[in-house]
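Asks: Let chain A serve as the given structure and place chains B, C and D on it in line with the hints.
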Amino acid sequence: MMGVLKKYRKFILFLTVGFVYTLAYPMTAHAMHIMEGMLPPKWCIFWFVVSAPFFIYGLYRMHKIVNSDVPNAKVMLALCGAFVFVLSSLKLPSVTGSCSHPTGVGLGTVMFGPGVMSVLGVIVLLFQALLLAHGGLTTLGANEFSMTIVGPIVGYAVWKLCRAMKVNRSVSLFLCAMFADWSTYVTTAFQLAIVFPDPNGGVGAALIKFLGIYAVTQIPLAIAEGLLTVIVYNLVISN
Amino acid sequence: MLSIDKYAYENRIVNWSPKFKALLWLVGIMLAFQPIQWLKVIVLVAVVAITIYLTKVSVKRYFSWFYPIIPFVILSIVGIVVTASVHKTSLIWPVKVGSVYIGMAKVMMPKAGRMVLQCMTAIVCTYWFALTTPFIQILQVLKAARFPRVMIEVTMLMYRFIFIFIDAFEQIRQAQKLRFGYDSLSLMIRSSGILAKMLFEQVIINYEMMTKALDAKLYDGDFYI
Amino acid sequence: MIELKNLSFSYDDKTKILNGISLKIGADDHKVIGFMGHNGAGKSTFFLNLVGELKPTDGEILIDGKPVVYSKKGLRQLRRKIGIVFQNSDQQIFYSIVKDDVAFALHNLKLPPAEINRRVEKVLSELDILPLKDRPIQYLSGGQKKRVAIAGIMVIGSEWILLDEPTSGLDPDGRARMKKLIQKLVDNGQHIILSSHDMDFMYETCDYFYLLGKGKILEQGNKQEVFNNEQLLKENKLDQPWLVKIHQKLGLPLYDNEQELFANDGQHN
Amino acid sequence: MIELKNLSFSYDDKTKILNGISLKIGADDHKVIGFMGHNGAGKSTFFLNLVGELKPTDGEILIDGKPVVYSKKGLRQLRRKIGIVFQNSDQQIFYSIVKDDVAFALHNLKLPPAEINRRVEKVLSELDILPLKDRPIQYLSGGQKKRVAIAGIMVIGSEWILLDEPTSGLDPDGRARMKKLIQKLVDNGQHIILSSHDMDFMYETCDYFYLLGKGKILEQGNKQEVFNNEQLLKENKLDQPWLVKIHQKLGLPLYDNEQELFANDGQHN
Chain A
258 MMGVLKKYRK FILFLTVGFV YTLAYPMTAH AMHIMEGMLP PKWCIFWFVV SAPFFIYGLY
318 RMHKIVNSDV PNAKVMLALC GAFVFVLSSL KLPSVTGSCS HPTGVGLGTV MFGPGVMSVL
378 GVIVLLFQAL LLAHGGLTTL GANEFSMTIV GPIVGYAVWK LCRAMKVNRS VSLFLCAMFA
438 DWSTYVTTAF QLAIVFPDPN GGVGAALIKF LGIYAVTQIP LAIAEGLLTV IVYNLVISN
Chain B
283 MLSIDKYAYE NRIVNWSPKF KALLWLVGIM LAFQPIQWLK VIVLVAVVAI TIYLTKVSVK
343 RYFSWFYPII PFVILSIVGI VVTASVHKTS LIWPVKVGSV YIGMAKVMMP KAGRMVLQCM
403 TAIVCTYWFA LTTPFIQILQ VLKAARFPRV MIEVTMLMYR FIFIFIDAFE QIRQAQKLRF
463 GYDSLSLMIR SSGILAKMLF EQVIINYEMM TKALDAKLYD GDFYI
Chain C
53 MIELKNLSFS YDDKTKILNG ISLKIGADDH KVIGFMGHNG AGKSTFFLNL VGELKPTDGE
113 ILIDGKPVVY SKKGLRQLRR KIGIVFQNSD QQIFYSIVKD DVAFALHNLK LPPAEINRRV
173 EKVLSELDIL PLKDRPIQYL SGGQKKRVAI AGIMVIGSEW ILLDEPTSGL DPDGRARMKK
233 LIQKLVDNGQ HIILSSHDMD FMYETCDYFY LLGKGKILEQ GNKQEVFNNE QLLKENKLDQ
293 PWLVKIHQKL GLPLYDNEQE LFANDGQHN
Chain D
53 MIELKNLSFS YDDKTKILNG ISLKIGADDH KVIGFMGHNG AGKSTFFLNL VGELKPTDGE
113 ILIDGKPVVY SKKGLRQLRR KIGIVFQNSD QQIFYSIVKD DVAFALHNLK LPPAEINRRV
173 EKVLSELDIL PLKDRPIQYL SGGQKKRVAI AGIMVIGSEW ILLDEPTSGL DPDGRARMKK
233 LIQKLVDNGQ HIILSSHDMD FMYETCDYFY LLGKGKILEQ GNKQEVFNNE QLLKENKLDQ
293 PWLVKIHQKL GLPLYDNEQE LFANDGQHN
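Chains as they are written, first to last, in this note's numbering: chain A, 258 to 496; chain B, 283 to 507; chain C, 53 to 321; chain D, 53 to 321.
Treat the hints with care, since some could be wrong.
[To be verified] Derived lysine-lysine pairs resembling DSBU-like cross-links, with alpha carbons at most 30 Å apart: (1) B:Lys288 to C:Lys107; (2) D:Lys68 to D:Lys286; (3) C:Lys268 to B:Lys342; (4) C:Lys76 to B:Lys459.
It should be emphasised that the hints constitute simulated quantities derived from the structure, not laboratory data.
Quick caveat, the model's predicted, so the values are computed rather than measured.
Only chain A is shown next, with the shape it has when bound in the complex (with noise of 0.2 Å):
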């Protein structure tokens, strides 16, 4: 094993780091995934059509990494993607008594450049809605723009300003972690008051009740998973 390390430390950095942007590009609780048939097939498709042009730039990445010199390159990408389904299963408690599930995403962006996730993320969406009944297949462009696309950018943005402002740094995982989550949650509302506007004040006081009831579970599970994220973070460098 130890020569083993060494002979891939510097591949070991690379993998640290890009877990530590993993955990820093989270994508949100199961929770917020839109279920199967609650948007109708016009809003599906939609989101289908907004999504797929991170989704095509992802299979161009993805086919610059396996044809580039990382050896291996497709059974990495599948570690990454099974290890960020699995760990979407953690379960976390919420205030609702449910449970949330808090998950990276971001493990392969580092690695293998920015856009791979949105190919990996809607297979591990595809595993959630057939394997853990979770979400859905029509409502998966939804879920996708939501989860893999808006919370890691905005999480991205997050830390790059953080680290800019010189906001130490497990300051800025905590707070990248949380607003990547809060991102998610925000749009996901704003999807869905869209197709339900309220009949008095329309899609801004849709948006503001469907963002005052998931408050209820998303702040203080943005707020786990940003702690999580830093635990992580320590346990990680300090080996």
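Replies: Below, chains B, C and D without anything else, positioned relative to chain A:
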């Protein structure tokens, strides 16, 4: 943990063509989205009964798959129907808050009801598909649908690796639990962190060993599918 | 005393892995108790039921006469009474330094640091691994890791320790040390329950045996009784220890372990 | 014939895990060759050198008289000659259905589908796992997974197969099947090299032995020669097989396996 996967291999129509099953799923989804309400009710009841018959799953277990989504359905309904209005009469169970009333909008009630029915019908159709189609067959559907090869290869490998990680996950969590690692909220967060770190190490260890195994199997860059 | 009353367990409501097992484990002179059975006979499921990780689908478990309570508090009590060491050491060592890992359970129980230190040192010296205290786990051998995993459970001070395949992956030297270690635990007053596919190891280590198969206890007794039935063992994909074989087939006396046999070797040559 | 000339290997240029080993493996009557050594003696490193996964830091390896070429093509040729089955089955199974995984190497060799099918079926039936053909890997037992892993290498039809700890985690029945399987491979004309901590298994299975320790080959020979030196084995944390023990200590004749001993039992009772 993945009990659905196990049923998918042991049901009565496991050998049906996966493309045909995918087509049936599509028909079911279209029925869930069409406007005639009574037809949805029929589809909902029929698909539940057919699924239970085909998979020989106990009713109790079948319904247990709905538990995690119920809170979300309820929250969504609340989000749809609750509103604020100055007209008390447009609301059910109005509560006065300041100068407005908060309650459930009468006009939204049918809409919420339709949403729940549509949602449940679509969900049972997807459950039917998931419970009768092993993931291996779903890969064939992806292939027939001309998804890019590299994505299918990665999906196929991921499906295999998930079970390796789940084994490790459960062993580690059990060992932590037995040493009191989940006895309070703070311990739970800490132990979850350790668990995530250890799984992460598994990524490296498995990659390392699998690289050697791939060489032994004369791998040259492509997984046949 | 662990008592099982009509214990059944099933994962999926279809096949019963454990099917109505009733027994009492831990008579006064049973210090090291062996559970035998082929791969898939349900030994692991049985162990996980004993430590409350799985809840019996039917029947009940009594510890010292009291039924196990499956509440958070009840399970915590159970786990202070019965500890388990799993087969794969790597999945049960959580920290990178030996003493940190051994202290894990004690930290979780919120003991004062001085007490934690004292107990960790005591256990490490009992297991002959005190010099490893500050060593990183990754440089340890398989046998040393196994000891660390056992230490992590021993610090809890539980009365019972379950060992699942304690010799897997160990070389003959590690196996011999494990035998001695178990003897030491017994001398400390602990009760051991173990399962292993290594029949010779079981024969020499345990003083009472249960044979698990088809979800039932098919046989129990001391070594003379259980290993005499070659047919039953064969049916359960098990084998006789060689000491029993040479007794049955060559007509040599039945010895409890090889030291005894060879100590006596002068006599029948 | 595998020939090593002054082979050395080190991970970090400091400690030599293998230190100037010269030997020829595969004389005509050596069908199953055993490598023994304690945990950490360098057996795995040695095996990885043999299959070209690690490149010797010094010395060279010749297969049938030709030095191994460490190019992509050269290594591929090497691996068609020498297959290796690692200890952990999960890490060498990539497909979720048994027959797909076994066919993997044949697809990599770009064989026609009919030929692939034929060879997969043949290997599966040789390993007694033909009924598992269409089963998903995740629901197989440890012993079954081991067979699938072996089948995945066997289909290549390489002249040499290296087995690292083939009995780890197997119950006595699985162990007995493994013994038969190795015999079958030999009858097929394949050469086996194996390493294991199970001395009795090694003794009954192999016909030539190497003892690896301190980076050197400390001893080699047939079973009579290698296992007679109790002192040397003890120094290397190994043990004598019981058949040798009863020969040395009780003065019984030295038998090659227990069937022979018990077939002859009438004679000395």
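Asks: Look at each hint and say if it fits the structure.
Replies: Verification of the supplied hints:
For the proposed pair Lys288 (chain B) and Lys107 (chain C), the alpha carbon gap of about 21 Å is at most 30 Å, so the pair holds. This hinted pair checks out: Lys68 (chain D) and Lys286 (chain D) have alpha carbons roughly 23 Å apart, not beyond 30 Å. Distance check on the hinted pair: Lys268 (chain C) and Lys342 (chain B) sit about 27 Å apart at the alpha-carbon level, within 30 Å; holds. Taken as a hint, the Lys76 (chain C) and Lys459 (chain B) pair is honoured in the structure, with Cα atoms around 26 Å apart against an allowance of 30 Å.
Of the numbered hints stated above, none is contradicted by the structure.
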